[in-house]
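Engineer: Respectively, the protein sequence lines represent chains A and B. Just so we're aligned, residue 1 is where the first sequence starts under UniProt numbering, counting upward by one. Just so we're aligned, residue 1 is where the second sequence starts under UniProt numbering, counting upward by one.
Read the hints as simulated data drawn from the structure, not as lab findings. Hints are not guaranteed to be accurate.
Same chains, same label: a pair holds when it works inside one copy or across any pair of copies.
[As the list claims (entries may be wrong)] Below, computed lysine-lysine pairings styled on DSSO-like, alpha-carbon distance capped at 27 Å: (1) Lys135 / Lys68; (2) Lys65 / Lys110; (3) Lys65 / Lys93; (4) Lys93 / Lys32; (5) Lys100 / Lys65; (6) Lys135 / Lys65; (7) Lys100 / Lys135.
Every value quoted in this text rests on a predicted model; they were computed, and no experiment measured them.
Protein chains: 2
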Amino acid sequence: MDKFLHEAIKEAQQGLDEGGIPIGSVLVYEGKVIGRGHNRRVQQGSAILHGEMDALENAGRLPAKIYKNAVLYTTLSPCPMCSGTILLYGIPKVIIGENKTFMGEEALLKSRGVNVEVINDTTCIEMMESFIANKPELWNEDIGEE
Amino acid sequence: MDKFLHEAIKEAQQGLDEGGIPIGSVLVYEGKVIGRGHNRRVQQGSAILHGEMDALENAGRLPAKIYKNAVLYTTLSPCPMCSGTILLYGIPKVIIGENKTFMGEEALLKSRGVNVEVINDTTCIEMMESFIANKPELWNEDIGEE
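Turn these sequences into a full structure, and let the hints steer you where they fit.
Structural biologist: Below you can see the structure in the form of structure tokens.
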């Protein structure tokens, strides 16, 4: 497996171990992880810290040229918030663990020129399938569904 | 002036007083402010706490039905990140202080059925014009520009 997707999965697993939603992400620049994170809705009572947002926040304030040469890895297809953030910072490439359990704004990203690659990794799929089956209300809250 | 836009402007002014970027926002539900915030890039070294994001984060975890009956006020046209967040939570109405100094993703919001109202309030415009003239590099960083 891609070593950076593996790092994103480790973040997702850490989130699950904390009682949270198992979605993780890493921001990679020049072959190194410069930000990593996972969904913190439960852990921090957060409405905005999806995995991708947490990774970007943990990367800190960065010059535009770094984002524009970075790759964002995420275990799950990015929702509208996270996709909008990818567009804000002009991140040119997103590698997605899976989009079987949730389809995010991949079409919007592609329409704006973002290179989107979907792995559909079985670990990512099984982690989300199990979580959604166990905690459907929490999952619905995270994606703004009733 | 609309009293809620006035509250968003108070948040923007507070951000400016703190040495930050003067953009503020309030989330309104059933005629009451349930979340308020301002851009905290400088104050918290944050890459994701735009004014709208801070207001939503400060509102806390909410059921979908609240977002879907809320109104988001923001002093400036919402960037792709904040617009994506509006779409994630299905916030049906956004009232924007101004879009003269920055045009966000209003077209995307409208294409998804969001009711977008732009006031072009002179206080909002002057606050951003002055800020952008004084700190162009900080402003560019906030919108992912070189």
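Engineer: Run every hint past the structure and note whether it holds.
Structural biologist: Outcome of the hint check:
1. Lys135 / Lys68: between (36 Å within a copy, 22 Å between copies)
2. Lys65 / Lys110: This pair counts as within: shortest intra-copy Cα distance 20 Å, inter-copy 30 Å.
3. Lys65 / Lys93: Answer is within: at 14 Å inside a copy they meet the 27 Å cutoff, but 34 Å across does not.
4. Lys93 / Lys32: Classified as within: same-chain Cα gap 15 Å, cross-chain 41 Å, threshold 27 Å.
5. Lys100 / Lys65: between (32 Å within a copy, 26 Å between copies)
6. Lys135 / Lys65: between (39 Å within a copy, 19 Å between copies)
7. Lys100 / Lys135: Close inside one copy (17 Å), not across copies (44 Å); limit 27 Å.
Every hint from the earlier list agrees with this structure, and none is contradicted.
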